[in-house]
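Chains as they are written, first to last, in the numbering used here: chain A, 59 to 527; chain B, 17 to 308.
Worth flagging that the hints you see were computed from the coordinates, not collected in a lab.
We put the beta carbon where it would ideally sit given N, CA and C, even for glycine.
Keep in mind that a hint or two might mislead.
Cut-off 27 Å, straight-line C-alpha distance, at most; resulting in silico cross-link-like pairs (BS3-like, lysine-lysine) [said to hold, decoys possible]:
(1) Lys508/A / Lys295/B
(2) Lys521/A / Lys103/A
(3) Lys278/B / Lys413/A
(4) Lys508/A / Lys79/B
(5) Lys201/A / Lys143/B
(6) Lys521/A / Lys141/A
(7) Lys97/A / Lys296/B
(8) Lys226/A / Lys157/B
(9) Lys157/B / Lys145/B
(10) Lys32/B / Lys132/B
(11) Lys301/B / Lys278/B
(12) Lys201/A / Lys97/A
(13) Lys301/B / Lys226/A
(14) Lys278/B / Lys97/A
(15) Lys461/A / Lys413/A
(16) Lys132/B / Lys79/B
(17) Lys97/A / Lys157/B
(18) Lys413/A / Lys110/A
(19) Lys316/A / Lys295/B
(20) Lys103/A / Lys201/A
(21) Lys295/B / Lys97/A
(22) Lys141/A / Lys97/A
Computed from the model, here is a short list of chain A residues facing chain B with C-beta under 7 Å [as the list claims (entries may be wrong)]:
(23) Gln94
(24) Val95
(25) Lys97
(26) Leu203
(27) His204
(28) Thr388
(29) Thr441
(30) Asp442
(31) Phe443
(32) Asp472
(33) Lys475
(34) Val476
(35) Gln479
Listed next, with one range per pair, are the computed distances between beta-carbon atoms [as the list claims (entries may be wrong)]:
(36) Asp299/B / Pro142/A: 31 to 41 Å
(37) Pro91/A / Gln118/B: 39 to 49 Å
(38) Leu417/A / Tyr70/B: 41 to 51 Å
(39) Pro100/B / Lys359/A: 41 to 51 Å
(40) Leu87/B / Thr424/A: 57 to 67 Å
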Amino acid sequence: MAKEMTLVSVGIDVGTTTTQLVISQLTLVNVMPGSQVPKVEITHKSISYMGKVHFTPFEDRGHVDGTALREIVAKEYEKAGVKPEQIDTGAIIITGETAKKENASEIIHSLADYAGDFVVATAGPDLESMIAGKGSGAEALSKHLHACIANIDIGGGTTNIAYFDRGKCIGTACINVGGRLFEVDTISHGLTYVSSPAQKIMNYCNPNNYQVPNGNDLVLIKNCLRSMVECVERVIFLEPLLPQDNCLVMTNLLPEVKIDGVVFSGGVAKYIYLPGIKEWWIHGDVGPLLAEAFQESRINKSLPVHEGAETIHATVLGAGAHTVNVSGSTITVSEHALPVRNVPAVYPELDITGKFSWLKPAENYTDSLYRTIALIVPPLPNTDFQTILSLAETLACELPLIKGEPKVIIAQQDIAKVLGQTLQRLLPASPLVCLDGIELAFGDFLDIAKPLPYQDAVPVIVKTLIFAR
Amino acid sequence: MSLEDSVRLIVEELLKGMEKEKIQSSNNKLPLANSSIIDECEITDLAEIDLQRYLQVPNPVNKELYEEMKLSTPARIGVWRSGPRPLTDTLLRFRADHAVAQDSVLGVVPEEFPTKYNMVSIQTLCKSKDEYLTRPDLGRKLDEENLEILRKGCLKGAMVQIIVSDGLSSKAVEANIPNLLPALTQGLEGMGVRLGTPIFVRNGRVAVMDTIGEALKPEVAVILIGERPGLGTAESMSAYMGYNPRLGMVESERTVISNIHKGGTPAAEAGAHLASLIKKILDTKASGVNLE
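Work out the full structure, taking the sequences as your base and the hints as a guide.
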């Protein structure tokens, strides 16, 4: 039982500016003492290969170059000495401005298929914020300090904020502030491209003069960046937003709490921690200038700033190592029922008699797109055998009416084994997957991999797929 | 004089003293109009308070963190103090929990309990709780009369023989068996396992399974037995499993799952887990270290 297992996990972050790939090893161990019911957890995450930072390839301003992107992944796999078949799990996340491209969804799914059997495509500003905070070490820091720490991940297109209160993510925000919203010529240092959110801020900072006279770019850029950072300040310090902020704030789900410190991550963070770069144009964008604006901001001056474990690699590390869960070891899985992919999580309704019913909510997923759906069992008042028996009887009535196989049931309490065995008795012919210990939110999708050898545990990847408009 | 008797004497002595004080104090207070003698029914049972949610430190600097620390362990942390001593509350609760643990050891599983779960009820050579506690060897043996009950009332040569015993906690049996037994039975039957007649053993030790094994020759025996109670819980149960149970089998041949209680592995889930574990023992024809 004490056998250790490792999973090879890949993380790929396709961002506004850069694309990165990291391969990590996840160690799974039974954490319970020998005489107790086993419980498998991921105990250690180590990076086995850290890829180069590539520029994200684009066909044009509206399209990601899928072929070039695939080549980057192929080359990095070759350098790392792995084949897609050897990748057990992982996630690709498309972030920032890139998620807004017209072909983002299509590209990311085909890349996920190429990258490995169990590599999932993920997107969404809230997920991105959370993943960056996990990868940067802000989550671990908040746990260690028993404090509320904000992770501010400043990338090329967006600034992603996540609050971690004692190791738990309590809220996220995504603001259209990034180092590559303006692009400059590395020789003349003049503006070559102004993205649409940046243009709006520029109009605000410079209302009378759309045509910028040459040479004045730097002052204008600095004004715009200051005004952008002020918007981030207002979000963090819970101040009322000004009219010009509305075009920048994409999502804001931050709770009204006082934070005890901040961690900066993302490509721009490097220049916040190591200020004083003279050649600010070096990347052909305004990242270093944005870092300067953050340095002078109230965030940097009035809050304790901690250094995280990672800056530019935060999101890619988070994607590779922090998206996999393990359910086990007391679960029920019929033989050959797994793997399954893209399974939507369906919450039940309470009917008049106080019983759960999944029939109505399941009707939203009758699309042939979904092979099956996962029925979520919310916390029960107790885990007595009688309670589980009556739950199983309800499920046994409803499951045959719900399309798809295997039948997937995810419980929040530790009841998957007894519930599964009861269902196997009531519905002996249906292939069944009954798991517990997985936290899910409405609208999540699941990938469930094959059970691990030696242990009755299965890796589960919860994904949230929201593409920015 | 046995320990139990001396404890009883001390308690009686104390109660007498308290009774006297009560009369005196109520006499003293009688002239006061608003005096109230606390109705005994109004006193909340100390043992009912959830210690992990009970914050005794007045005006904590960081209440949330304090709560989190309390919730992270059943240990008695953050209990505050009065000078260098614990608060009366803390001390009384400590004693109350100790009393619950003692009750659990000395308590008896109700007479009708085995019948309710269709178990054949037998008793080891221990005739009393005192003998049970002082003579572990007798808790492993059965006399001819009890062996006869087994031979008459139980199926011989079953694949799995389920045994339930009070062991060191009668409360563990009462609290867990109603949820564990049906889950275990359902799980095993679902896998096509032929079960023997379940047996209830009064004053039993783990190795009574060896004696029963000799009499009934099951392939596997599992004994569900109350664990020595602690101050955290008095309802914890263990399951010991042995392949080919027989006299002289060594302890390393037993597989054990412990900590079956509300705060550990819930009884129903544990029953289901035991079912798969027993199936594994049947399939590999080995238990204990031989199973690993």
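Cross-check of the supplied hints:
1. Lys508/A / Lys295/B: Distance of about 22 Å is within 27 Å: holds.
2. Lys521/A / Lys103/A: This hinted pair holds, its Cα atoms lying about 20 Å apart.
3. Lys278/B / Lys413/A: It holds: about 24 Å lies between the C-alpha atoms, which stays within 27 Å.
4. Lys508/A / Lys79/B: violated, 44 Å
5. Lys201/A / Lys143/B: violated, 55 Å
6. Lys521/A / Lys141/A: holds, 24 Å
7. Lys97/A / Lys296/B: holds, 18 Å
8. Lys226/A / Lys157/B: violated, 54 Å
9. Lys157/B / Lys145/B: holds, 15 Å
10. Lys32/B / Lys132/B: violated, 40 Å
11. Lys301/B / Lys278/B: Given pair Lys301/B, Lys278/B is violated - Cα atoms ~31 Å apart, limit 27 Å.
12. Lys201/A / Lys97/A: holds, 22 Å
13. Lys301/B / Lys226/A: Measuring from Cα to Cα gives roughly 45 Å; hence the hint is violated.
14. Lys278/B / Lys97/A: holds, 17 Å
15. Lys461/A / Lys413/A: Judged against 27 Å, a Cα distance of about 21 Å means the pair holds.
16. Lys132/B / Lys79/B: violated, 48 Å
17. Lys97/A / Lys157/B: violated, 36 Å
18. Lys413/A / Lys110/A: violated, 54 Å
19. Lys316/A / Lys295/B: Distance of about 54 Å is beyond 27 Å: violated.
20. Lys103/A / Lys201/A: Cα-Cα ~17 Å, so holds.
21. Lys295/B / Lys97/A: Since the Cα atoms of Lys295/B and Lys97/A sit roughly 19 Å apart, the hinted pair holds (cutoff 27 Å).
22. Lys141/A / Lys97/A: violated, 30 Å
23. Gln94: holds, 5 Å
24. Val95: holds, 5 Å
25. Lys97: Violated. Min distance 9 Å.
26. Leu203: violated, 10 Å
27. His204: holds, 5 Å
28. Thr388: holds, 5 Å
29. Thr441: Result: holds, 4 Å to nearest chain B Cβ.
30. Asp442: holds, 5 Å
31. Phe443: holds, 4 Å
32. Asp472: Holds: closest Cβ of chain B sits about 5 Å from Asp472/A, inside 7 Å.
33. Lys475: Hint holds; Lys475/A Cβ to chain B Cβ min 4 Å, cut 7 Å.
34. Val476: holds, 4 Å
35. Gln479: Holds: closest Cβ of chain B sits about 5 Å from Gln479/A, inside 7 Å.
36. Asp299/B / Pro142/A: 31 to 41 Å: With a Cβ separation near 36 Å, Asp299/B and Pro142/A satisfy 31 to 41 Å, so the hint holds.
37. Pro91/A / Gln118/B: 39 to 49 Å: Since Pro91/A and Gln118/B have Cβ atoms about 27 Å apart, the given range 39 to 49 Å is violated.
38. Leu417/A / Tyr70/B: 41 to 51 Å: holds, 43 Å
39. Pro100/B / Lys359/A: 41 to 51 Å: holds, 46 Å
40. Leu87/B / Thr424/A: 57 to 67 Å: 42 Å Cβ-Cβ, so the 57 to 67 Å window is violated.
Going through the hint list in order, the structure does not satisfy hints 4, 5, 8, 10, 11, 13, 16, 17, 18, 19, 22, 25, 26, 37 and 40.
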